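Chemist: Letter by letter, the chains look like this.
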Amino acid sequence: AQSVTQLDSQVPVFEEAPVELRCNYSSSVSVYLFWYVQYPNQGLQLLLKYLSGSTLVESINGFEAEFNKSQTSFHLRKPSVHISDTAEYFCAVSLLSGGYNKLIFGAGTRLAVHP
Amino acid sequence: DAMVIQNPRYQVTQFGKPVTLSCSQTLNHNVMYWYQQKSSQAPKLLFHYYDKDFNNEADTPDNFQSRRPNTSFCFLDIRSPGLGDAAMYLCATSRGTDLIGYTFGSGTRLTVV
Chain A
1 AQSVTQLDSQ
11 VPVFEEAPVE
21 LRCNYSSSVS
31 VYLFWYVQYP
41 NQGLQLLLKY
51 LSGSTLVESI
61 NGFEAEFNKS
71 QTSFHLRKPS
81 VHISDTAEYF
91 CAVSLLSGGY
101 NKLIFGAGTR
111 LAVHP
Chain B
116 DAMVIQNPRY
126 QVTQFGKPVT
136 LSCSQTLNHN
146 VMYWYQQKSS
156 QAPKLLFHYY
166 DKDFNNEADT
176 PDNFQSRRPN
186 TSFCFLDIRS
196 PGLGDAAMYL
206 CATSRGTDLI
216 GYTFGSGTRL
226 TVV
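Protein chains in written order, with our numbering: chain A, 1 to 115; chain B, 116 to 228.
Treat the hints with care, as some may be off.
List time: in silico DSSO-like cross-link candidates among lysine-lysine, alpha-carbon distance up to 30 Å [stated by the list, open to error]:
1) LYS49(A) - LYS69(A)
2) LYS153(B) - LYS49(A)
3) LYS159(B) - LYS102(A)
4) LYS159(B) - LYS49(A)
5) LYS102(A) - LYS153(B)
6) LYS69(A) - LYS159(B)
7) LYS49(A) - LYS167(B)
8) LYS102(A) - LYS49(A)
9) LYS153(B) - LYS132(B)
10) LYS132(B) - LYS167(B)
11) LYS167(B) - LYS102(A)
12) LYS69(A) - LYS102(A)
Note that these hints are calculated values from the structure, not bench results.
Predicted model only: the values in this text are computed from it and were never measured.
Using the sequences and the hints given, assemble the complete structure.
Modeler: The following block contains the structure:
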């Protein structure tokens with residue numbers, strides 16, 4: 001069975017500092033990995049995804065994640081965070097089953113950026 | 116803009132009183148999902164529609180039902196809400212097996228009093 005573990009429930013960080021949000025997955029089949037961001041009282045927005053090809057994927061707002069098959073990880077990083085990055089971040093793995101795309105989410109990491 | 120819209124954003128219902136949450140989409144996606152997200156927890160899939168075919172997750176309580184009258188609309192019905200059903204309910208869509216990820220609505224926060 002596929003599962004996702006986000007190792008940190010909360011990550012406090014100062015503005016302009018680097019940050020890494022950790023995600024590990026378990027799967028017996030090929031995986032497709034996603035990071036979603038959720039702002040307070042909002043739905044989830046896709047931040048970036050790994051489907052195939054280059055193991056380093058980037059988002060338009062400076063986040064990047066690296067797929068590491070040997071370590072079964074998909075950690076999210078940003079070299080310099082902003083106050084506006086304060087949100088909940090969810091790692092997810094996709095399971096193709098019966099013609100549809102089932103996403104299994106981790107428990108989330110709350111990123112709190114302080115001035 | 117193509118999007119997924121959930122109404123209402125906030126819903127207060129009485130214990131045991133049936134409530135319906137709605138979701139509409141302009142993306143023409145054939146799969147629609149309902150997720151339940153309790154405070155500080157991961158979203159949990161309740162069920163989904165693949166076109167008109169309804170697929171229930173094994174651990175979804177019978178208290179939760181869904182309807183999809185057409186491609187654009189999907190409803191979540193809670194027949195007898197309990198205090199434990201208070202949560203954010205998220206609707207999402209996808210296009211079959213396309214691995215583009217889901218498109219989520221903004222969610223409906225349900226409070227049970």
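Chemist: Next, verify each hint and record whether it holds.
Modeler: Consistency of the hints with the structure:
no. : hint                  : result
1   : LYS49(A) - LYS69(A)   : holds, 15 Å
2   : LYS153(B) - LYS49(A)  : holds, 24 Å
3   : LYS159(B) - LYS102(A) : holds, 11 Å
4   : LYS159(B) - LYS49(A)  : holds, 20 Å
5   : LYS102(A) - LYS153(B) : holds, 19 Å
6   : LYS69(A) - LYS159(B)  : holds, 26 Å
7   : LYS49(A) - LYS167(B)  : holds, 28 Å
8   : LYS102(A) - LYS49(A)  : holds, 14 Å
9   : LYS153(B) - LYS132(B) : holds, 20 Å
10  : LYS132(B) - LYS167(B) : holds, 27 Å
11  : LYS167(B) - LYS102(A) : holds, 17 Å
12  : LYS69(A) - LYS102(A)  : holds, 21 Å
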